[in-house]
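Trainee: Single-letter residue listing:
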Amino acid sequence: MTPSKKSRWQVFFKGGRWLAGISLLLPLLIWQGVALWGGQPAFLLPSPWQVVLRFGDVLANGSLLYHTGFTLLEVLLGLALGSGLATVTGYALARSPLLERLLSPYLVASQAVPVVAIAPLLVIWFGPGLFSKVLVCALIVFFPVLVNTVVGVRAVPQNLRDLMHTLRASPFQVLRQLEIPAALPVLLGGLRIGATLSVIGAVVGEFVGADRGLGFLVNVGRGRYDTALVFVAILTLVALALLLYGGVVLVEKRLLRWEK
Amino acid sequence: MKRFALLFCLLLVACGPQPAAPTPSRATASTTQAVVNIRLPVGYIPNIQFAPLYVAMEKGYYRQAGLEVTLDYSQETDGVALVGANNLQFSVASGEQVLLARAQGLPVSYVLAWYQQFPVGVVAGTQQGIRTPADLKGKQIGIPGLYGASYIGFRALLDAAGLKESDVILDSIGYNQVEALLAGREQAAVIYTTNEPIQLQARGFAVDVVRVSDVLQLVGNGLITNETTQKEKPELVRRMVQATLQGIQTALANPAEAYEISKKYVEGLAADDPVVQKQILAASMDLWKAPKPGYSDPKAWENMQGILIKMQLLKGPLDLSQAYSNAFLP
Chain A
1 MTPSKKSRWQ VFFKGGRWLA GISLLLPLLI WQGVALWGGQ PAFLLPSPWQ VVLRFGDVLA
61 NGSLLYHTGF TLLEVLLGLA LGSGLATVTG YALARSPLLE RLLSPYLVAS QAVPVVAIAP
121 LLVIWFGPGL FSKVLVCALI VFFPVLVNTV VGVRAVPQNL RDLMHTLRAS PFQVLRQLEI
181 PAALPVLLGG LRIGATLSVI GAVVGEFVGA DRGLGFLVNV GRGRYDTALV FVAILTLVAL
241 ALLLYGGVVL VEKRLLRWEK
Chain B
261 MKRFALLFCL LLVACGPQPA APTPSRATAS TTQAVVNIRL PVGYIPNIQF APLYVAMEKG
321 YYRQAGLEVT LDYSQETDGV ALVGANNLQF SVASGEQVLL ARAQGLPVSY VLAWYQQFPV
381 GVVAGTQQGI RTPADLKGKQ IGIPGLYGAS YIGFRALLDA AGLKESDVIL DSIGYNQVEA
441 LLAGREQAAV IYTTNEPIQL QARGFAVDVV RVSDVLQLVG NGLITNETTQ KEKPELVRRM
501 VQATLQGIQT ALANPAEAYE ISKKYVEGLA ADDPVVQKQI LAASMDLWKA PKPGYSDPKA
561 WENMQGILIK MQLLKGPLDL SQAYSNAFLP
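In the order they appear, the protein sequences are chains A and B. Going by this note's numbering, 87 is the number at position 87 of the first sequence; the sequence numbering is gapless. Heads up, this note's numbering is the position in the second sequence plus 260, with the first residue counted as 1.
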C-alpha cells in the first residue's frame, strides 16, 4: 500500500467517517428486521424493499416528480415570501424598540397559533389554489427568520456603528457595509430553520385541501391503505427538506467566505 | 426524618389501590358473561348523525350485551387499519373502505349496514340549474378531496351521466363546502346529503341536490370487524351488531328522545339551532330506514366494486362473499 492510500484509510477510520455510513445503514436494517419478524402486517409497516418498489412505480409513471414539483414550488414561493417579509420586519423591529413593543404580541401570536388550525381558514379566505398553500408556508417560516434578523442586527457592535457615524456614512451605507455583513451569519442561521419548516408548511396546506403535491400523495396513500406510498411521500419530503437545508448551507459558505 | 416518613406514608396511600367505581344503576351486563371493553372509531367529530350509538350507550343496550363501548372520533381510515390489524375489533366505515382495505390485504368485513342509502351527493344553488348528473358538465365543483366516499360517490354520478372527470372543474377544498358556496367560489359542491344542504338552506341559500342514491345503489356507512374476530368470537360480533341495531331502531322510533340523548354526547348541540339539527337527524334517519334493518344488499356491493374498478382503485374483482356478512343479524 502506498503511503497516500494508507493515510486515506487511516483518515476514513480514525476520523470516524465510517460512522456516517453505519448511522444510515443501521436504521434500515432495524426497519427491515421489524418488518420481517415483528409480526406487523405490511399495511401497517411495509419493509424498506416494498417502499423501494413503490418508489420505483411512482417514479416510473411520473406522478412522484409531478407532485414533488408542485410542493417544491409552494415551498420556494413560501420561503421567499416568508423570509422576505420577516427580514424587512425584523430589521424595522431591531432599529425601533417602540415598533417592537407595539408589534410583539401579534408576532408572538402568529407563532403560537397552530398552523394546522389556521390552514382551513386560509383556504376559505383565499381559495384552494396555490396562494393559500404559499401563505401557510410563509406563515411557518416567518417567525424563526424574524427573530434571527432582530438578534443579528442588534448584535452589531456599537463601536462599529460609531465608527460609521464618524465617517459620515449614510443610512444606506451603514446597512450595506455594516449591518448586512454583521447580521448575515445569524440571519442565515434562521433561514436554515425556515427552509426545513417551509416543507412542513406546504404539506399542512396540502392536507387541508389539494389535488396535487406530496401532502396530497400522503392523503391518497392513507385513503387507499397504501402505506408504502405514504412512506415514499414522507421520505421524499425529508429529502426535499435536506436539499433546501443544504442549499442554504452552500449559500452561507459563499456569502460568508470573508469570515474565514 | 419524621416528616419524611409521614410524607412517604401519604404517598403510599395515594398510590395504593383505588376503591372500585360504583356500578351504574342502569341495566347491567349479564352476570354470566365478562364485560368486554370496545373502543369504536366512528370516523368523524361528535355529531347528531351518531344518535343511534348515543342511544345504545345511554339506554344500556351495549351494557346488556356485555359490552362497554367508548367512542373514538379519529379518522375513518385509521379505524379501518386498526381493525385490519386486530388492534380493535370494530369500527364504523363506509363500504368502499372495506373493498379498498381488502385489496391491500386488510382482512376486514362489513357486518351491519347502518346506512341503507349512500349519503353522498352534489349540492348547488338553484340558479345553477344542476338537477341531474348530466347538468354537472362544465361546472366548477368543490370536493373535500380526491379520495374517500365523497370522491367515489361523485365519480359514480359522473359515470351515470357518461361524463369523465375532465368534463368538470374539480377543486379540492377540504370540509369547507358551505363557505365555498356561500362565497360564490364554487358552482356546486360534493357533500353528505344529510348535512350541508340543510346548513345552506338555514342560511337562506336555496339549493338543488343530486343524490348518488337516486342513480346507483352503493354501500354506505356500517359496522365492520375483522376475520379473526368473526372466526374466534362470533358471539361478540353478534352482540355488538344486535345492540347497535337496537340503537338504530330505537332512534328511528323516537327521534325526539334520540335528539335529547345526543345533547349529552355532542358538545355544543344544546346551543346549536335545534330546528337545523333536528332536520339533519331526520334526513339521516331517512337513509337508515330499511325493510330488512342492517341488511347488506349484494347488488350494492357489486355496484361499489364496479365503480372502484372503473376508477382503477381496484385492479380486479374481489371475493365479495368475504367482504360482508348478514349472518350476525337477528
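It cannot be assumed that every hint is accurate.
[Said to hold, decoys possible] With a straight-line Cα cutoff of 25 Å, these simulated SDA-like cross-link-like pairs (lysine to any residue) come out:
{"no.": "1", "chain 1": "B", "residue 1": "491", "chain 2": "A", "residue 2": "50"}
{"no.": "2", "chain 1": "B", "residue 1": "559", "chain 2": "A", "residue 2": "171"}
{"no.": "3", "chain 1": "B", "residue 1": "575", "chain 2": "A", "residue 2": "45"}
{"no.": "4", "chain 1": "B", "residue 1": "575", "chain 2": "A", "residue 2": "33"}
{"no.": "5", "chain 1": "B", "residue 1": "575", "chain 2": "A", "residue 2": "38"}
{"no.": "6", "chain 1": "B", "residue 1": "493", "chain 2": "A", "residue 2": "43"}
{"no.": "7", "chain 1": "B", "residue 1": "424", "chain 2": "B", "residue 2": "463"}
{"no.": "8", "chain 1": "B", "residue 1": "575", "chain 2": "A", "residue 2": "243"}
These aren't lab readings, by the way, just hints derived from the structure by calculation. As the structure is a computational prediction, the values presented were derived from the model and not from experiment.
Trainee: All hints are to be evaluated individually against the structure, with a verdict given for each.
Mentor: Verification of the hints:
Only pairs whose Cα atoms come within 25 Å are accepted, and residue 491(B) paired with residue 50(A) is rejected, the gap being roughly 30 Å. Simply put, residue 559(B) and residue 171(A) have alpha-carbon atoms about 78 Å apart, too far for the 25 Å limit, and the pair is violated. Straight-line distance between C-alpha atoms of residue 575(B) and residue 45(A) comes to about 22 Å, which keeps the hinted pair within the 25 Å bound. Of the supplied pair hints, the one linking residue 575(B) and residue 33(A) is violated, its CA atoms being roughly 30 Å apart against a limit of 25 Å.
For the hint linking residue 575(B) to residue 38(A), the alpha-carbon distance of about 29 Å lies beyond 25 Å, and the restraint is violated. Between residue 493(B) and residue 43(A), the direct Cα distance comes to roughly 24 Å. Compliance with the 25 Å bound is thereby established for this hinted pair. Taking the CA atoms of residue 424(B) and residue 463(B), the gap is about 32 Å. The hint is violated against a cut of 25 Å. Our distance criterion of 25 Å between C-alpha atoms is broken by residue 575(B) and residue 243(A), whose separation comes to about 36 Å.
Checked against the numbered hints above, the structure violates hints 1, 2, 4, 5, 7, 8; every other hint is satisfied.
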